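Residue numbering for the sequence shown follows this note's numbering, beginning at 17 and increasing consecutively.
It is possible that part of the hints are untrue.
Claimed, not checked - With a Cα cut of at most 27 angstroms, we get these calculated DSS-like pairs of lysine-lysine:
(1) Lys254 - Lys488
(2) Lys248 - Lys266
(3) Lys493 - Lys444
(4) Lys266 - Lys416
(5) Lys212 - Lys127
(6) Lys444 - Lys246
To be verified - Here are the simulated distance ranges between beta carbons:
(7) Met295 - Tyr401: 31 to 41 angstroms
(8) Lys462 - Leu54: 49 to 59 angstroms
(9) Gln465 - Gly193: 32 to 42 angstroms
(10) Asn230 - Gly446: 45 to 55 angstroms
(11) Gly193 - Ser238: 51 to 61 angstroms
(12) Arg194 - Gly52: 50 to 60 angstroms
(13) Glu498 - Glu151: 46 to 56 angstroms
(14) Gly93 - Gly271: 35 to 45 angstroms
(15) Ala131 - Glu151: 37 to 47 angstroms
(16) Ser442 - Ala297: 51 to 61 angstroms
(17) Gln465 - Ala297: 48 to 58 angstroms
To be clear, the hints were calculated from the coordinates, so they are not data collected in a lab.
Quick caveat: nothing in here was measured; it's all calculated off a predicted structure.
Yeah, the Cβ is synthetic: ideal placement off N, Cα and C, and Gly gets one too.
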Amino acid sequence: MGLIQKMTDKIRTGLRNFIQYNPAQENAIIINEGVGHLTSCAKNRIWYWGKSTQLSELYTSLDVSNTMFWKAEMTKGQEIRKIHVALPALIVDTIANIVISDYNGIELTDKNSTASSERWREIEKTNKFSDTLKEMLTDLGIVGDGAFKISYDKEISDSPIIEWYPSERIQFTYVRGRIREVIFYTNYFENGKKYKFVEIYGYGYIKYELYNDNGKEISLNSIQKTSWIKEKGITFDKSYMWAVPVIYGKSSYKGRGKGFIEGKEDAFDSLDEVWSQWMDALRAGRTKTYIPSNLIPYDIDTGKPRKPNAFDNRFIELGEMVDEDGKSRIQSDTPNIQHDAYLSSYVTALDLCLQGVISPSTLGIDVKKLDNAEAQREKEKTTLYTRQNFVELLENVLPKLVLAVLNADNEIHKKSILNDNDIEVSVKFGEYANPSFESQVETVGKARQNGVMSIETSVDELYGDSKSEDWKAEEVKRIKEEQGIATVEEASEIDDIDVEV
């Protein structure tokens, strides 16, 4: 037994000496972030503005790869026209228009009286809130977040003033993952100098600060535009803020939102490159005429031979050429342009730009060039998802804004503070992408044939709010009469009793 044990230990020792195990080393991965949040916002703005000169200047100043289309420098003498397809602006504006067109207002129910509801309608009208809401939706699509700021200036209005600040002009202060402050920045210029006015909105307080161009805090009365502020801050009820943050999506910058443009700049850059090359090929592929030198047309003003320019390139001069019959001839040549290859590249780049955001058919792009009708209907769901994300965001944010505005108004006029139990706020939206009347008739007709929809419901589905209730009732009656469906009033049991007189 002892001999076997010794042999076993010897084998184990030999295996340990033969097999050596070295644990993996944890290596540090260092990634240099190209741009900060403010630079990213500015970049997204320039993509939205859609000006080719600004895009070229932007990427020339940024430290990005030289192979990017808007960064690359062209060889002298072989320049091409760089064209921007204004797709980012089209995406953002279309989504914003879809949501705002379906917005049917805010319905407020005051559980104690109608005073709050009437007051909100006055404030909403005074602030032209629909315009502010559209501005907010546009900015969310570009930079991803922002905040509503509530202020009061009795020289302008007796109601609270609702302002929208985009992501570049605000900063959030997080405490344990929750926003506790919203900091608003406003730049002022006086006497050729730049000043930064800072408003810190927190729960129960607002603080004011002013900084000069060197970043040093100075007195608020140093410039005229902030001299009206008599105190460095004000206080109010600690249960709410005079600001409501709005964040859409999740950016790579912690705690900030993500618009439609962020993360897709490479796709937009590729789309612009494909379109620019296509147009350059069309220009270069124009019919070229080869003219012998003795047949060059002359300028009627100078009497000298006319020279072609780089744009039209109508003819190319050759040495004197003589055919077999001894005559000079003019020849024309039309290059073959690979339209199918360019179209395929363009469609692929376009698809990458729109993925996860919006359907091509929503933008009015010719669906025959992309997919069949069934595939397009499936892609239309992408627009529905994006719209629904905005709708859910507004349904969460706007009730908070209404309550904050009404409370600010109550404090200004020395009234009691409201809470969630005092009022009920609901945001109303209509239906997006209503089908055509023909498709509605087909769908409703099938439902009627299968016996799963009544005549009353089918008429209501077809005409909705476009017809009055009385008209729809008459229409139901006419349909029943035409189909031989009689309406009989239910007889009372008394009618069945024979009464002898």
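Hint-by-hint comparison with the structure:
1. Note on Lys254 and Lys488: the hinted pairing is violated, with a Cα-Cα distance of about 53 angstroms set against a maximum of 27 angstroms.
2. Note on Lys248 and Lys266: the hinted pairing is violated, with a Cα-Cα distance of about 34 angstroms set against a maximum of 27 angstroms.
3. For the hint linking Lys493 to Lys444, the alpha-carbon distance of about 32 angstroms lies beyond 27 angstroms, and the restraint is violated.
4. With a C-alpha separation of about 21 angstroms, the suggested pairing of Lys266 with Lys416 holds against the 27 angstroms cut-off.
5. Straight-line distance between C-alpha atoms of Lys212 and Lys127 comes to about 43 angstroms, which puts the hinted pair past the 27 angstroms bound.
6. For a cut-off of 27 angstroms, the pair hint linking Lys444 to Lys246 is broken: about 41 angstroms separates their Cα positions.
7. Between Met295 and Tyr401 the C-beta distance comes to about 34 angstroms, which sits within the given range of 31 to 41 angstroms.
8. Our hint of 49 to 59 angstroms for Lys462 and Leu54 holds, since their Cβ atoms are close to 56 angstroms apart.
9. Between Gln465 and Gly193 the beta carbon distance is about 55 angstroms. The supplied range of 32 to 42 angstroms is therefore violated.
10. The given range of 45 to 55 angstroms is respected by Asn230 and Gly446, whose C-beta atoms sit roughly 52 angstroms from each other.
11. Look at Gly193 against Ser238: about 37 angstroms separates their beta carbons, and that is not inside 51 to 61 angstroms.
12. In this structure the supplied range 50 to 60 angstroms is violated for Arg194 paired with Gly52, their Cβ-Cβ distance being about 24 angstroms.
13. Roughly 52 angstroms separates the CB atoms of Glu498 and Glu151, a value that falls within the hinted 46 to 56 angstroms.
14. Our hint of 35 to 45 angstroms for Gly93 and Gly271 is violated, since their Cβ atoms are close to 49 angstroms apart.
15. Taking the beta carbon of each, Ala131 and Glu151 are about 29 angstroms apart, not inside 37 to 47 angstroms as hinted.
16. Restraint check, Ser442 to Ala297: a C-beta distance of roughly 55 angstroms satisfies the suggested window 51 to 61 angstroms.
17. Judged by the Cβ atoms, the range 48 to 58 angstroms given for Gln465 and Ala297 holds: they are separated by roughly 55 angstroms.
Hints 1, 2, 3, 5, 6, 9, 11, 12, 14 and 15, counting from the list given before, are not met by this structure.
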